[in-house]
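Chains as they are written, first to last, in the working numbering: chain A, 1 to 317; chain B, 1 to 258.
Fair warning: there could be bad hints in the mix.
The list that follows gives simulated cross-link-like pairs (lysine-lysine, DSSO-like), each with its CA atoms no further than 27 Å apart [stated by the list, open to error]:
(1) LYS202(A) <-> LYS81(B)
(2) LYS116(A) <-> LYS81(B)
(3) LYS7(A) <-> LYS114(B)
Calculated from the structure, these hints are not laboratory results.
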Amino acid sequence: MKVLNKKNILTLIIILIIYAIVQVLLTNGIISSFYEITIATICINIILAVSLNLVTGFTGQFSLGHAGFMSIGAYAGALVNMEMNSNMGFLAGIAAGAVAALIVGILIGIPTLRLKGDYLAIATLGMAEIIRVLFLNMDDITNGAAGLFGIPRFTNWTWLYIFTVLTLIMIDNFIKSSQGRACISIREDEIAAESMGINTTKYKVMAFAVGAFFAGIAGALYSSYFYFINPTMFGFQKSIDILVIVVFGGLGSITGSVIAAIVLAVITTILQSYSELRMIIYALLLISIMLFRPQGLLGTKEITDFFKFGNKSAKVE
Amino acid sequence: MSLLSIEKLTKSFGGLTAVSNVNMNIEKGELIGLIGPNGAGKTTVFNLLTGVYVPSSGSIKLNVEGSKKEISGLKPYNITKIGLARTFQNIRLFKDLTVLDNIRIAMHQNINYKLSSGLIRTNKFYAEEERLKKEAEELLDIFKLSNKKHELAKNLPYGEQRHLEIVRAMATKPVLLLLDEPAAGMNPNETVILTETIAKIRKEYNLTILLIEHDMSLVMKICERIYVLDYGTMIASGKPDEIKHNKKVIEAYLGEDV
Numbered sequence: 001m002k003v004l005n006k007k008n009i010l011t012l013i014i015i016l017i018i019y020a021i022v023q024v025l026l027t028n029g030i031i032s033s034f035y036e037i038t039i040a041t042i043c044i045n046i047i048l049a050v051s052l053n054l055v056t057g058f059t060g061q062f063s064l065g066h067a068g069f070m071s072i073g074a075y076a077g078a079l080v081n082m083e084m085n086s087n088m089g090f091l092a093g094i095a096a097g098a099v100a101a102l103i104v105g106i107l108i109g110i111p112t113l114r115l116k117g118d119y120l121a122i123a124t125l126g127m128a129e130i131i132r133v134l135f136l137n138m139d140d141i142t143n144g145a146a147g148l149f150g151i152p153r154f155t156n157w158t159w160l161y162i163f164t165v166l167t168l169i170m171i172d173n174f175i176k177s178s179q180g181r182a183c184i185s186i187r188e189d190e191i192a193a194e195s196m197g198i199n200t201t202k203y204k205v206m207a208f209a210v211g212a213f214f215a216g217i218a219g220a221l222y223s224s225y226f227y228f229i230n231p232t233m234f235g236f237q238k239s240i241d242i243l244v245i246v247v248f249g250g251l252g253s254i255t256g257s258v259i260a261a262i263v264l265a266v267i268t269t270i271l272q273s274y275s276e277l278r279m280i281i282y283a284l285l286l287i288s289i290m291l292f293r294p295q296g297l298l299g300t301k302e303i304t305d306f307f308k309f310g311n312k313s314a315k316v317e
Numbered sequence: 001m002s003l004l005s006i007e008k009l010t011k012s013f014g015g016l017t018a019v020s021n022v023n024m025n026i027e028k029g030e031l032i033g034l035i036g037p038n039g040a041g042k043t044t045v046f047n048l049l050t051g052v053y054v055p056s057s058g059s060i061k062l063n064v065e066g067s068k069k070e071i072s073g074l075k076p077y078n079i080t081k082i083g084l085a086r087t088f089q090n091i092r093l094f095k096d097l098t099v100l101d102n103i104r105i106a107m108h109q110n111i112n113y114k115l116s117s118g119l120i121r122t123n124k125f126y127a128e129e130e131r132l133k134k135e136a137e138e139l140l141d142i143f144k145l146s147n148k149k150h151e152l153a154k155n156l157p158y159g160e161q162r163h164l165e166i167v168r169a170m171a172t173k174p175v176l177l178l179l180d181e182p183a184a185g186m187n188p189n190e191t192v193i194l195t196e197t198i199a200k201i202r203k204e205y206n207l208t209i210l211l212i213e214h215d216m217s218l219v220m221k222i223c224e225r226i227y228v229l230d231y232g233t234m235i236a237s238g239k240p241d242e243i244k245h246n247k248k249v250i251e252a253y254l255g256e257d258v
């Protein structure tokens, strides 16, 4: 089987159609600049949720520190971008943010991923707090609590879409590779996985590092879209927001995370005019999802699984 | 030179000595049984062999391509790479994954592409995945599970789950296969099929097998030699007929004559 097979070409066509539709709506002003922010939020949240899903949903390592990696990407991206005020600088910033988050992910992953379940959650939470406090106190570089202002804006719909699609393809490819299957086997049964010759520590760190890498990209896109960042944006609340999207869509479902990111962002935007009721309705929605579909919208299935009636051979390739 | 030699293997948990001074020798191609009453330490021996536990003292040497290699204290995944695979007493399949994926995961160490080729899907990735899938399907064919390759492991009948565990262990290409109570919970009919399967894989793959089993009909029928553990010590070893009439063994199982 080669790269240019029927399925991949079909996917490519769908990707281009979605891009064209939104682009046309934006240029004709049908989507106003107010709703453009919603689109940016959706794209960034998709990248964050899908990368966290790799760690928590597919590898089964409960992480509460994803915002920490996002902040590393945001700061690294912003600093590079402010030095080099050009499209090249923007891309260099994203690369810097992603690589910085990747390195920190590996360094933090090696000691903490020996822990399991609740202990790992607390450790990752602590890690994200350490990163936040570091940014708060490195006044010379990060401007402390006031944060960084005047970050040039290069993030637009096209870049957001390119990076979102790239993230989705890469993480989907990862999960369907031998390394990805090794990660999934850790979620299923760690003892059995080790007995089948899988170095579980190595693959946990790998999933953690890949997740951090894409969270770094999301952070860099974020800082370049919203002009300014400060440490409080990347606190515990942000990590929880990302986790909510993942759980809402289904732990172990990429398309679930995509749908959840869209649904939750749209609901937040619609409810903006009823600010008093907003959080109540949002909370009620989450409670009802957990009551009636505890496995999340899609569980561990992908949306494409629902279109493959009777064609089982297409499922595994 | 024997394939596996265990010398003075001891494991204690705090004050409790689960296995003490156990010696065993397995020649290449043999089918050995390890029996004993409940709590005798059989599974602990397996866990020591496969690296789940680190021995308190003693040595485990595996003969790999002509040279003896000390494997006690190595990590489980390294021991599997050297050529020792196992099944579990209480089934530990990846139960929410398909039968095919269970096998492909076990073939992980035999895959030959890097993370980067997987991420951008090079031709090598497609070629290797194709080869892997073919090998997995061949293996499933032998065990008559290929018509169920897209079923989730948890949806298989009990007997087939036990079979799948053996196939999965086989997929790591072991030289020594450890089976922990493969017939536990099976009905007599399923046990007969299992007995035939074990004999068949041993012949076709030139395997050495060590199995723990409570079903004496199976043990006496297929094992060439038997080791008997009781309270962590080896109380007897020998051919099935010798074991059947060994006084110590009868005492361990039935208690002393009054």
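Here is what the structure says about each hint:
1. Restraint check for LYS202(A) and LYS81(B): satisfied, since their Cα atoms lie roughly 15 Å apart, inside the 27 Å limit.
2. At most 27 Å may separate the alpha-carbon atoms for a hinted pair to count; LYS116(A) and LYS81(B) meet this at roughly 25 Å.
3. At roughly 24 Å between alpha-carbon atoms, LYS7(A) and LYS114(B) fall within 27 Å of each other, so this suggested pair holds.
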